[in-house]
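Q: From just these sequences and the hints, can you work out the full model?
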Amino acid sequence: MAAGKTAVAEALARQLDCSMLDLDQFIAASAGRSIQTIIDEDGEARFRQMEESALRKALVSGTARVIALGGGTWISPRNRALIAEHHGFTVWLDAPYELCWQRIVRTGDTRPLARDYVQAGRLYKERRPLYELAALRVQINEETNAGVVATEIVNALRQHKE
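For the sequence shown, counting from 1, position 53 maps to 53 in the numbering used here; every step adds exactly one.
What the hints contain is simulated information worked out from the structure, not anything from laboratory work.
Among the hints, a few may not be true.
[Said to hold, decoys possible] Listed next, the in silico DMTMM-like pairs over lysine to aspartate or glutamate satisfying Cα-Cα at most 25 Å (straight line):
1) K125 / D94
2) K57 / E85
3) K161 / E85
4) K125 / E98
A: Here's what the structure looks like:
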């Protein structure tokens, strides 16, 4: 939730010289509707089905070596298992809630399941324990540079392969 997943994924893909996929953008483009509209019209359960299907396609096809997950993708045990099955290396961009909320407000990019400060805070708190399951945790603050984070991830990937 506004931790910088897309920016870091783009920087990481550049450093690794590989393809990158933003899962939410892919779902929206495939459906011809925004994530907000999908959730409003079809419900969250249907969106989560679409999300799992899109993740499976991305992992099976191998076309994207770096995938920026939506904030709720990792919450699903099935998605975590799918990522593990495909030997995915997962990264948690651990940004403080206040920073995430400031970014949401600054960009005007409302989130389908986090439309106000209280709702977003509740979601943030609920998801944190599951985010801790990621292979790598990177602390994010207002000065964090996506390129620097990408370099940290590349170094962790190298160590992971050894």
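Q: Does the structure break any of the earlier hints, and which numbers would those be?
A: Hint check: nothing fails, all pass.
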